[in-house]
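Heads up: the protein sequence lines correspond to chains A and B, in order. Numbering-wise, the first sequence is residues 35 to 771 according to my numbering. Numbering-wise, the second sequence is residues 84 to 133 according to my numbering.
In case anyone wonders, no lab produced these hints; they're calculated from the structure. Check the hints yourself; a few may be wrong.
Calculated lysine to aspartate or glutamate pairs in the EDC-like style (CA-CA distance at most 20 Å, straight line) [stated by the list, open to error]:
id, chain 1, residue 1, chain 2, residue 2
1, A, 71, B, 120
2, A, 475, A, 368
3, A, 71, B, 126
4, A, 639, A, 595
5, A, 71, B, 125
6, A, 639, A, 368
7, A, 475, A, 575
8, A, 639, A, 625
9, A, 639, A, 461
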Amino acid sequence: MNRHGEDLLLASRPLANGLRQTSLTVPGISCGGCIAKIERTLAALPAVGHARVNLSTKRVTVHWRPADGPPPLHEALAALGYEAHLHEDGEERPDATLAALIRALAVAGFAAMNIMGLSVSIWSGAAAETRDLFHWISAAIALPALAYCGRIFFASAWRSLRRGQTNMDVPISIGVLLAFGMSLYDTLHHQPHAYFDASISLLFFLLIGRTLDHMMRERARTAVKGLGRLAAFGAMVVGEDGAAVYTPTGEIVPGMTILLAAGERVPVDATVLAGVSDLDCALMTGESAPVAAAAGAVLRAGTLNLTGPLTIRADAAADESFLAEMVRLMEAAESGRSGYRRIADRASRLYAPVVHSAALLSFLGWMAATGDVHRAITIAVAVLIITCPCALGLAVPMVQVVAAQRLYGRGIMMKDGSALERLSEIDTVLFDKTGTLTLGKPILRAQAIDPDHLAIAAALGARSRHPYSRALAAMHGPGTAPAFEAIGEQPGLGMEGVADGAVWRLGRDEWALGHALPDAEAGTVLARDGRFVAAFRFDDDVRPGAREALAALRAAGLALEVVSGDRAASVGRLAAGLGIPAMQAAMLPGEKTAHIQALAARGHKALMVGDGLNDAPALAAAHVSMTPASAADVGRQAADFVFLRPGLDAIPFAYSVAVAARRLVRQNFALAVVYNLVALPIAIAGFVTPLVAALAMSGSSILVVANALRLRGRARGNEPAPADAAPAAPRLAMIAG
Amino acid sequence: MLWLLIPISLGLGIVGLATFFWSLRAGQYEDLDGAAERILFDDDEGPTQL
Numbered sequence: 035m036n037r038h039g040e041d042l043l044l045a046s047r048p049l050a051n052g053l054r055q056t057s058l059t060v061p062g063i064s065c066g067g068c069i070a071k072i073e074r075t076l077a078a079l080p081a082v083g084h085a086r087v088n089l090s091t092k093r094v095t096v097h098w099r100p101a102d103g104p105p106p107l108h109e110a111l112a113a114l115g116y117e118a119h120l121h122e123d124g125e126e127r128p129d130a131t132l133a134a135l136i137r138a139l140a141v142a143g144f145a146a147m148n149i150m151g152l153s154v155s156i157w158s159g160a161a162a163e164t165r166d167l168f169h170w171i172s173a174a175i176a177l178p179a180l181a182y183c184g185r186i187f188f189a190s191a192w193r194s195l196r197r198g199q200t201n202m203d204v205p206i207s208i209g210v211l212l213a214f215g216m217s218l219y220d221t222l223h224h225q226p227h228a229y230f231d232a233s234i235s236l237l238f239f240l241l242i243g244r245t246l247d248h249m250m251r252e253r254a255r256t257a258v259k260g261l262g263r264l265a266a267f268g269a270m271v272v273g274e275d276g277a278a279v280y281t282p283t284g285e286i287v288p289g290m291t292i293l294l295a296a297g298e299r300v301p302v303d304a305t306v307l308a309g310v311s312d313l314d315c316a317l318m319t320g321e322s323a324p325v326a327a328a329a330g331a332v333l334r335a336g337t338l339n340l341t342g343p344l345t346i347r348a349d350a351a352a353d354e355s356f357l358a359e360m361v362r363l364m365e366a367a368e369s370g371r372s373g374y375r376r377i378a379d380r381a382s383r384l385y386a387p388v389v390h391s392a393a394l395l396s397f398l399g400w401m402a403a404t405g406d407v408h409r410a411i412t413i414a415v416a417v418l419i420i421t422c423p424c425a426l427g428l429a430v431p432m433v434q435v436v437a438a439q440r441l442y443g444r445g446i447m448m449k450d451g452s453a454l455e456r457l458s459e460i461d462t463v464l465f466d467k468t469g470t471l472t473l474g475k476p477i478l479r480a481q482a483i484d485p486d487h488l489a490i491a492a493a494l495g496a497r498s499r500h501p502y503s504r505a506l507a508a509m510h511g512p513g514t515a516p517a518f519e520a521i522g523e524q525p526g527l528g529m530e531g532v533a534d535g536a537v538w539r540l541g542r543d544e545w546a547l548g549h550a551l552p553d554a555e556a557g558t559v560l561a562r563d564g565r566f567v568a569a570f571r572f573d574d575d576v577r578p579g580a581r582e583a584l585a586a587l588r589a590a591g592l593a594l595e596v597v598s599g600d601r602a603a604s605v606g607r608l609a610a611g612l613g614i615p616a617m618q619a620a621m622l623p624g625e626k627t628a629h630i631q632a633l634a635a636r637g638h639k640a641l642m643v644g645d646g647l648n649d650a651p652a653l654a655a656a657h658v659s660m661t662p663a664s665a666a667d668v669g670r671q672a673a674d675f676v677f678l679r680p681g682l683d684a685i686p687f688a689y690s691v692a693v694a695a696r697r698l699v700r701q702n703f704a705l706a707v708v709y710n711l712v713a714l715p716i717a718i719a720g721f722v723t724p725l726v727a728a729l730a731m732s733g734s735s736i737l738v739v740a741n742a743l744r745l746r747g748r749a750r751g752n753e754p755a756p757a758d759a760a761p762a763a764p765r766l767a768m769i770a771g
Numbered sequence: 084m085l086w087l088l089i090p091i092s093l094g095l096g097i098v099g100l101a102t103f104f105w106s107l108r109a110g111q112y113e114d115l116d117g118a119a120e121r122i123l124f125d126d127d128e129g130p131t132q133l
């Protein structure tokens, strides 16, 4: 099973009917034609039951039969021209709270509209009996609606009161219940004013805010699981009798001898006893260029053995190995992150005490002034209703939903609303090198190569896992290669093939030619019978738009820095080329995290941009983090933002949206406060009739929503030409899961 | 007349509400963009149950 297949199996979820379900994110899906093409092609694959494309979230969900093996989904999509990334499917249970909120919202909307219809006729001057009738009908509609929709608020208020505290739901619940009770009493006594419409409209607007807020809340997600996937389940341990026994990783103790085959991950930190191979140490250094290993080399748990079998001796138990340390760093970082208090939460702390005091004082004041209990209660209820946190409840989530939609239109997925707030607070940006500033895949440097030589190299390289071989095998040129009778891999050295009596070698220069080439650059050599044929050099290309993106970030006043696990020479070269003054090289994951913590201690808030291989703990520890979609599973899980398009321009764009969003949130708060300051005296003076209350609530909510929508119109002229069709209304499904 | 009209309007409203709940449960809001495109497909395959 190739790497993709192994990942597919692990990232998939078993279904009740025996099939397995896998979700892939395919950023390139853009239209109806894509849906038809993808579904038809994937459904035609042998193991696939069926496939369904979700255009709104740009995901493909595939049901496949485990007996027929994981289907070649990545390859099939690549053949169509779509890049696919595995989507972590495990945690996506249907969101029960969201469903309950939407149902409550629907009922509240229905009730509010019908009661409002009746109220309008009353305000237009219905006579006494008709008015009473309409009041009774309104009460009949309001009672079940309040019971069903208000549960959420009542339950939350009750929980808070039981702890001896008040939260935002306490004044809401009191206001709604008192309003209903008082209106019922008034209806019984044929009074002209009833506040049924105000109380249900209050719930309606609040539920809108609550639903949007829930959509933008961070769902419990942990990237630690993604790291765990890099751990081998077990290994072949050689006992004293010489027989190899498969032992779970947890039971490996220092001193055990382990046989590590090609393609397996190192289970625990170990030293090589025998064998020669190449290892993918991306987990430690972020570099995909393999590192050669021979007897005496020290290996870290989690790195991938690429080419040859090794016999290794365990140096540490599993939970003292490198991977376990990474997991611990991640867990520490993730628990530290949850302490961030969002603006809305901080604002709501003030709300309840202020409103309660205002209502109580106006009640006492009117009692003292007139001695009329009914009038005093009416005014207290009016105060509670008019200071309703509709605007407050909508202020933040509305802006965040519009911002998320805007980001999504540019291929940036946001995990939750607090990420947007945190992004607006940064003053430093830290970049990983490989896979972030660069594309992370070796690309054949454009040079004059005989197409036949390229075809020979591609034929030889097709059998190897080595990144250079894979890059060569991906070149489909016009040249022709002879049919090879035998192709074999010499671990740590290269590929050897026999064709037409000639021995071809593709690999290290010393091995293929017998001597080293004068200019020692990273690359491979193609040799025939020991004679030089062609040399291939590889580059790791800088991401498109990197220079412009960095210039934009610098113009915004942010400090830039490169933190990489790669050697100082290559990091320095890249940093100088891109104009980034500060850089740190050869950093292990723990050192990256420590660097971020040091910055935080000096009061800097950093945005970490990485691909998650050797900076997963750093992504979790930074104030806010972004990762490209090509990043490792772990990176996509740990980061707050995932940008789907290959260009780096996503970063300055996201930052500008975050800053604009913060400005609009502040404006919305200001609007809500001003509204309350104006409405409060009117309520205390006793001028609030149901009509006034309804107008005030609707007016303030609409004002806040309209202000939030301004985020869309901002800088519309700067959108690049084929922008994905951004939908007209915020949708539930598009928030990154 | 009013005795008839008000219950009818409420009843229609409730029918609308029930229909909304049904469509919510049936997952019709999962992929609004995709649904807009699928009506233009020519093939005769019925909806796949996912």
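Hints versus structure:
Distance restraint check for residue 71/A and residue 120/B: the Cα-Cα separation of roughly 13 Å lies within the 20 Å cut-off, and the hinted pair is therefore satisfied. Taken as a hint, the residue 475/A and residue 368/A pair is broken in the structure, with Cα atoms around 29 Å apart against an allowance of 20 Å. Distance check on the hinted pair: residue 71/A and residue 126/B sit about 12 Å apart at the alpha-carbon level, within 20 Å; holds. Only pairs whose Cα atoms come within 20 Å are accepted, and residue 639/A paired with residue 595/A is accepted, the gap being roughly 13 Å.
Proximity of residue 71/A to residue 125/B is assessed by CA-CA distance (about 13 Å); at most 20 Å being required, the pair is judged to hold. The suggested pairing of residue 639/A with residue 368/A holds, with an alpha-carbon distance near 16 Å, which does not exceed 20 Å. For the hint linking residue 475/A to residue 575/A, the alpha-carbon distance of about 8 Å falls within 20 Å, and the restraint holds. A hinted pair counts as satisfied when its Cα atoms are at most 20 Å apart, and residue 639/A with residue 625/A qualifies at roughly 17 Å.
A threshold of 20 Å between alpha carbons decides the hint, and for residue 639/A with residue 461/A the separation of about 6 Å falls inside it, so the pair holds.
Consistency with the previously given hints fails for number 2 only.
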